[in-house]
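Chain order of the listed sequences is A, B and C. Just so it is clear: in the first sequence, position 268 is 268 by this note's numbering, and no numbers are missing. Just so it is clear: in the second sequence, position 166 is 166 by this note's numbering, and no numbers are missing. Just so it is clear: in the third sequence, position 508 is 508 by this note's numbering, and no numbers are missing.
Hints are computed from structural coordinates only; laboratory data are not their basis. Don't be surprised by glycine CBs; every beta carbon is placed ideally from N, CA and C. Any given hint could turn out to be false.
[Claimed, not checked] Computed, partial: chain A to chain B, Cβ under 8 angstroms:
| id | residue |
| --- | --- |
| 1 | Asp260 |
| 2 | Thr263 |
| 3 | Pro288 |
| 4 | Asn289 |
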Amino acid sequence: MLASLPLLVADLQLFPPAASAQAGPIDELYWFEVIVSAIMTVGIFLAVIFLAWKYRRRANVRATQIEGSTFLELSWSIIPFLVMLVMFWWGAKLFFAAQNPPKDAMEVFVTGKQWMWKVQYPDGTREINALHVPVGQPVKLTLASEDVIHSFSVPAFRVRHDVVPGHYDSLWFTATKPGRYRLYCTEYCGNQHASMGGWVDVLDDREYASWAGGGSHGSLAEQGQKLFEQNGCSTCHQLDQQGRCPILRGVYNKPVQLDDGRTVTADDSYLRESILDPNAKIVSGFQPNIMPNFKGQLSEEQVIQLIAYVKSLSPTTPASQQGVQQRPVVIAPQAKAPAVRPPQ
Amino acid sequence: MDASMLGMWTFLITEVLFFGGMFAAYAVYRNMYPGAFASTSKFMDVILGGTNTAVLICSSLTMVLAVRAAQLSKRRDVMLFTVLTMIFGTAFLVIKAFEYHSKWVEHLIPGFDFQYDEPRYQHNAQILFFLYFCMTGMHAVHMIVGLGLLTYLLVQAKRNVFSANYFAPVEMIGLYWHFVDVVWIFLFPLLYLIGHRR
Amino acid sequence: MATIAHGTHGTPEIAAEEVNYLNVEHGWKSWLLTTDHKRIAFLYLISITAMFFVGGAMAVLFRINLLEPEGIFSAETYNRLFSMHGIVMVFFFLVPSIPATLANFLIPIMVGAKDLAFPRVNLLSWYLYIFGAMFTLYAVIRGGVDTGWTFYAPYSSTYSNSYVLSAAMGVFIAGFSSILTGLNFIVTVHKMRAPGMTWGRLPLFVWANYATGLIQVLGTPVLAITILLLAFERVAHVGIFDPNIGGDPILFQHLFWFYSHPAVYIMILPGMGVISEIVACFSRKRVFGYNFVAFSSMGIAVLSFVVWGHHMFVTGEAMYTSVAFSFLSFMVAVPSAIKVFNWTATMYKGSVSFDTPMLYCFGFIGLFTIGGLTGLFLAALATDVATHGTYFIVAHFHYVMVGGMVMAFLGGLHFWWPKITGRLYPEAWAKFAALIIFIGFNLTFFPQFILGYLGMPRRYHAYPPEFQALNVLSTAGASILGIGYLIPMIYFAWSLKAGPKAGPNPWGATGLEWEIQSPPTTFNFDETPTVTKEAYDYGPLEEIVG
């Protein structure tokens, strides 16, 4: 190892590349924090050294007993607090920006499972521990876990989000520099946690066009359609006719009224829950205990395919219409179903 | 307030935080699954639970009377009221045992072949039932410890240790007993009375 | 009072040893059934030192593993080593450290009492500590736990194939030890102060440990219930944290951090108390801004309970919740900063000497400042997202806990060693060790800040090759640090037998503890003192500035 010391030093990185639109602004905050910290640290070090030397013990020199100074106390409380407020505000602002992806963000689906990342693109391409994105294009990752808590992180983009089993998480970024950047799992998830990493390739337009070719199994939505038929969903969820179940055409991202009075939006998380825990929310006018529970029968990846299919049944609408009030889709039931409990 | 009372109060505050964690979990899940939680009420025996509430309140009364008797140096009354408190406490635990047994028979103990007859709420009801057993179980453990403390009180009272000059242990244990009672006062409505009489 | 004993030939031996708490009785029963807070503190000292070296050995081992990017041991071994290191160091070393040893020893004396309010509860708390340590050591011996000290569900409850239950039960039991210690301190400070010892005359060490006691009493029970819920989940699969039945793994995190964040203040406040005592004595001055330092301890204790969500900024915590936690986390930094400034200002117009305790004090002030400032990076939302789960976090908390607390502990140990043992340690070796520790510490942990921002995740047994140089530096530092910690072990042990005898007040410090013999008698004072002086009464007050 000592022999390889020159190589170690040559390889030495001290600062990560900044390869996303957010990275630069976050680095600015980081350097502000570093500078403030350096000033404070050097200041304290110098003060301690200076005072300790200047007032070092000497014969016949007595210490002067001082009670304190309210003025100093207030100054050195308020001024640092104001500096901290700047850090707080700055950090919060950047954080807000990272929460809401732009409407035209390209969606990619990432499923974490011990110990790999499985990536699915809308056109059906799949890969493992790798992500290919075009430069300059906002990308929204929808994150799902098959098992334990993972955390998806790309240091070069300064992005990270935990992937918690039981619901979807998401993060978004816009890559700005073509190149290869590491991605990691950063929440301890078991034995091979350290192996759960890979590469993000940011490609310029030409390279991306030649890389993107679609999967051999058809697009995500087409895969979803196959699953929809194979698993008998079409029996009840007939597309154009009201069956025992709510119509799915046009439902994506629309408000839905539930039987307990709440109104929710039929977003990705709602659709996922409807498949894996159908009794959690029952649409107003329909009966519980009818739709089978697919937990354990469908993987997170397959659920993503089904959701892509349901999405494809809606006309292309922007990802969300914030602030636009919509009347909930009230689906009129057929004749009241008899209150029979399905056999155990 | 003397040191031992301050010590007991401080200890009881730690107990508030201990039970508080369970109450927090209850609050979170009830907020998430109101329907499931409400559906569990029909499996809770309100008669037995209500009886237990009355039993505990009576036991707190007898406990207070025991403290009063100690303050008045009435040795026999201290012993009498301590025994009565123990009888009430034991009655509580016996009733609880009946309740737990019926839950066992009905397959309502999470982790032990839990079955719920409303498939819609099966999973989330399991959470409520776990909290039921956890909270009432922890409470019962504290009751059992309380009975142990009362036994100690009884022995000490028999030896005529307590008088108007020295009754701190009676007060302290009384305080503990009241606390355990108050926890039940919170548990009972939250676990037994949700969803009843919609 | 020196006892004049007669030797075997009938000649008076004036140098015969005074009766003190150490030699008043012999035999294992007199130690294992003692209710003397000083003996209990000594028992704790031995126990936590042993646990420190257990945890430290694990650290040396896994730092060796990190010399190579591919790792040297297996992933399983590494994962157990770092988890056990965290559990042992946090729950069995840092949390009890100063409270159970130095504060246990000193608080009754500092308030002018014969013992703590509840001496038998004090002994019980030591037994609970040992009992808990047995469970955890059992887990270590059987192969360890690999969940990290944070035990996150559902990995720990459902997936981990390791000794989660025994390790968790060890922590559960040790938690009660901590609660009882805190309870004892609170009641002692309220009820056992000698006449004239008003709150405003208490040494700042007492204020700090009182505030710590408040946190122990309010926070630890939540850890207890969290571990219990985890245990039920693990044993009976009840589902409380299982997303498959609607349980929420994030609830575990909220409950866990509700204790574990205040816990870090349990782990630093007592150290801050030590620093106040040392800086006053070795500047021969009252601490600058006594009231502000005292109230800062209380302020930290209160605020510590409302910042736990800053551990969860990337879990999907609601945006405005995160903003609130971020703001409060900045606020909790203010009282710590106030203290650092006050300690520094204490040296102004003082008479500063450079004995070993003061060297550790300097080290604390410098390293705690760095650790605390890097906490600001983490309180700020955007930079927390960029560094969560990386070595930046590891570096931050080691700067405050090791650069801060362990330095303070060593400083306090050196400061009060003459009082506790009646012996002096060798000053030259002690200064040397302090220097080695300072150098080793910084070499170990400063590179980790850089590694963290580069993105190197924590809890990784293997890492990308471009991180090797910094890891090698860090491991080199760790070996130096390890040696640095061994040196005091050796000379302290040596001093027990062969160190020069210490008088009642070798440092010329103020405080009730320095007015009694070294080591103290079992009941500390011949008669209850009456306090008439302020704390740190090194001379008449000359300046009341502003």
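Now for the hints, and whether the structure bears them out:
no.: 1; hint: Asp260; in the structure: holds (6 angstroms)
no.: 2; hint: Thr263; in the structure: violated (15 angstroms)
no.: 3; hint: Pro288; in the structure: holds (4 angstroms)
no.: 4; hint: Asn289; in the structure: holds (5 angstroms)
The structure is inconsistent with hint 2 alone, although it conforms to all the rest.
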